[in-house]
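Generate the whole structure from the sequences, applying the supplied hints.
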Amino acid sequence: MKLRLTPRETSFYDLFAEQADHLVVGAGILTELLGAGGPENGAERAKIAERMRAAEHAADDTTHKIYNTLNSSFITPFDREDIYALASTLDDVMDEMEEAVDLVNLYGIQMLPAGVAEQVDTLVRAAELTAMAMRKLRGMKDLTEYWIEVNRLENAADQSYRKLLAHLFSGEYDALTVMKLKEVVDSLEGAADAFEHVANTVESIVVKES
Amino acid sequence: MKLRLTPRETSFYDLFAEQADHLVVGAGILTELLGAGGPENGAERAKIAERMRAAEHAADDTTHKIYNTLNSSFITPFDREDIYALASTLDDVMDEMEEAVDLVNLYGIQMLPAGVAEQVDTLVRAAELTAMAMRKLRGMKDLTEYWIEVNRLENAADQSYRKLLAHLFSGEYDALTVMKLKEVVDSLEGAADAFEHVANTVESIVVKES
Amino acid sequence: MKLRLTPRETSFYDLFAEQADHLVVGAGILTELLGAGGPENGAERAKIAERMRAAEHAADDTTHKIYNTLNSSFITPFDREDIYALASTLDDVMDEMEEAVDLVNLYGIQMLPAGVAEQVDTLVRAAELTAMAMRKLRGMKDLTEYWIEVNRLENAADQSYRKLLAHLFSGEYDALTVMKLKEVVDSLEGAADAFEHVANTVESIVVKES
Numbered sequence: 535m536k537l538r539l540t541p542r543e544t545s546f547y548d549l550f551a552e553q554a555d556h557l558v559v560g561a562g563i564l565t566e567l568l569g570a571g572g573p574e575n576g577a578e579r580a581k582i583a584e585r586m587r588a589a590e591h592a593a594d595d596t597t598h599k600i601y602n603t604l605n606s607s608f609i610t611p612f613d614r615e616d617i618y619a620l621a622s623t624l625d626d627v628m629d630e631m632e633e634a635v636d637l638v639n640l641y642g643i644q645m646l647p648a649g650v651a652e653q654v655d656t657l658v659r660a661a662e663l664t665a666m667a668m669r670k671l672r673g674m675k676d677l678t679e680y681w682i683e684v685n686r687l688e689n690a691a692d693q694s695y696r697k698l699l700a701h702l703f704s705g706e707y708d709a710l711t712v713m714k715l716k717e718v719v720d721s722l723e724g725a726a727d728a729f730e731h732v733a734n735t736v737e738s739i740v741v742k743e744s
Numbered sequence: 535m536k537l538r539l540t541p542r543e544t545s546f547y548d549l550f551a552e553q554a555d556h557l558v559v560g561a562g563i564l565t566e567l568l569g570a571g572g573p574e575n576g577a578e579r580a581k582i583a584e585r586m587r588a589a590e591h592a593a594d595d596t597t598h599k600i601y602n603t604l605n606s607s608f609i610t611p612f613d614r615e616d617i618y619a620l621a622s623t624l625d626d627v628m629d630e631m632e633e634a635v636d637l638v639n640l641y642g643i644q645m646l647p648a649g650v651a652e653q654v655d656t657l658v659r660a661a662e663l664t665a666m667a668m669r670k671l672r673g674m675k676d677l678t679e680y681w682i683e684v685n686r687l688e689n690a691a692d693q694s695y696r697k698l699l700a701h702l703f704s705g706e707y708d709a710l711t712v713m714k715l716k717e718v719v720d721s722l723e724g725a726a727d728a729f730e731h732v733a734n735t736v737e738s739i740v741v742k743e744s
Numbered sequence: 535m536k537l538r539l540t541p542r543e544t545s546f547y548d549l550f551a552e553q554a555d556h557l558v559v560g561a562g563i564l565t566e567l568l569g570a571g572g573p574e575n576g577a578e579r580a581k582i583a584e585r586m587r588a589a590e591h592a593a594d595d596t597t598h599k600i601y602n603t604l605n606s607s608f609i610t611p612f613d614r615e616d617i618y619a620l621a622s623t624l625d626d627v628m629d630e631m632e633e634a635v636d637l638v639n640l641y642g643i644q645m646l647p648a649g650v651a652e653q654v655d656t657l658v659r660a661a662e663l664t665a666m667a668m669r670k671l672r673g674m675k676d677l678t679e680y681w682i683e684v685n686r687l688e689n690a691a692d693q694s695y696r697k698l699l700a701h702l703f704s705g706e707y708d709a710l711t712v713m714k715l716k717e718v719v720d721s722l723e724g725a726a727d728a729f730e731h732v733a734n735t736v737e738s739i740v741v742k743e744s
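Residue numbers (the numbering used here), protein chains in the order written: chain R, 535 to 744; chain D, 535 to 744; chain Y, 535 to 744.
Mixed in with the good hints there might be a few duds.
No copy is singled out in the list; a pair is fine if it fits within one copy or between any two copies.
[Stated by the list, open to error] Computed list of lysine-lysine pairs in DSS-like fashion (alpha-carbon distance at most 30 Å, straight line):
1) K599 to K742
2) K697 to K714
3) K581 to K714
4) K581 to K716
5) K697 to K670
6) K599 to K670
7) K599 to K714
8) K675 to K599
Everything labelled a hint here was simulated from the structure, so no lab data went into it. Remember, it's a predicted structure, so these values are computed and weren't measured experimentally.
Below is the structure:
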């Protein structure tokens, strides 16, 4: 019979996987938003924003569960500050994705520039990779590919973002429209950055523990 | 006779109360600014900005006193990093409030949208609650109501902020005016966020210590 | 014969000096950019941006060397978190300087307002002072003048920045141009702020260790 000396450790891994799963849901909702453009889809976009808000609340609950578990755990599977950092960077991704959807509704934006689809595709892929990585966290193995790929995705996202900025300021849009669209595009870029922060945090945890 | 083994602990509580009192002063100055609109009150607004700057410097002094006390204290009433975090989040509130007043003067803004008064009322209330909470910090008791109420206020502030954004982009203002007003409104929203960070920091300190 | 018990300590000081030297290079490239205005110098500005990108990558490499050394060192010359904070604030300066040059190219800005030269002069001076200070870090002596002077420079930079903002919003520029120029000016102001953070980090290290 094998004794489990540190029963509480389990839940951190499960909760990180849960957090990443919320991000997969969030990235999926962003994809739906892209398919709901035009003046006729205002009500549809409002519904999508509502579901995004619900997803963000669910993610918040998971984040708070991690913080509470951390505060009440005597033994943790890795450094307390790293657990805190990982939970809070995962939470940042969701906040940025939710903000993007929220702003589209708040400003009544009916059409997004084509480049936004590239940004969203990158986020969908990063969310999937992150969800798989969280499941490998316990073993602390085979994570190198994950953070290399997320860093590559972030570089690609950066290129899309820069092309979008140049497009926004090209003179095609009036100043108020540029301001509105830029906020949406900035939030999505913020989400890609936050995915990279998650990967960097995972890398530093693995380096320390190995 | 009772010996005091940790005489230095006292000053942290006093200094946190002092920091919060500066915030009550700052929020009061914001209220004065709202009453000094119009082209005829430019000189009055400049004077208000000067007093705000003085209040911000006084708050900075208190923050540095906390950092210095922290660096020279062998024993602290709670975790060093939590003392640092509490002092620096309290300082953030003041910075955001001062920035709002400063921008109004720098950009020569003569009138603020009505929704700004809602933002300021929330800040006044949050400052009062924070000042009371800092006085309860030593006992680590009866603080639950404080952080629930500050979180509620931040949600209300968030609603005011979103209504203000929609109003700014409604077409009533030209693009340059939107840019100027948005910076002021963003600073005030930043102050409300910072009050929530203070409350979250207090909550995490109480959870740890209890 | 004197034994060296902590051979690894050396490299941290060398690496911090290396990081600061990258900042001197970066500030020099900013000065070159100022001399390459006008529609006829677009290709020149693109080349300058390329060199800035290279300088930023070199700085990144140094930063990662510091992080890796930190992760693999059992003994460090001062607190691990302070080493981390110093490396990451030095890195922030470079990121902001690189962003400024990048945006000038991305937005095709052909002329910068005169006040930008004041901002850049301040950055050149702050970079030189920081490079000298990093070389005094081992001795932990004669650093007071450095952080007083960098704080003074940051206050001067703040004045230049505020004058620039008032100028940008004076009505001389159209809204889209204001948005583009403000991003450049904000990045340079961010670099000045980051230099001050470096100085504050050095101050807090010296206070702790002395």
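A quick look at each hint next to the structure:
Proximity of K599 and K742 under a CA criterion of 30 Å is satisfied in both settings, with 25 Å inside one chain copy and 15 Å between copies. When the C-alpha separation of K697 and K714 is checked against a cutoff of 30 Å, the pair qualifies both within a copy, at 17 Å, and between copies, at 15 Å. Only within a single protomer do K581 and K714 lie at most 30 Å apart by alpha-carbon distance; the minimum there is 20 Å, versus 32 Å between protomers. When the C-alpha separation of K581 and K716 is checked against a cutoff of 30 Å, the pair qualifies both within a copy, at 23 Å, and between copies, at 27 Å.
Taking the shortest alpha-carbon separations for K697 and K670, neither the intra-copy value of 35 Å nor the inter-copy value of 43 Å comes in at or below 30 Å. Taking the closest pair of Cα atoms, K599 and K670 come within 30 Å of each other both inside a single copy (20 Å) and across two copies (26 Å). When the C-alpha separation of K599 and K714 is checked against a cutoff of 30 Å, the pair qualifies neither within a copy, at 35 Å, nor between copies, at 40 Å. In this homomeric assembly, K675 and K599 come within 30 Å of each other (Cα to Cα) both inside a single copy, at 25 Å, and across copies, at 23 Å.
Checked against the numbered hints above, the structure breaks hints 5, 7 and satisfies the rest.
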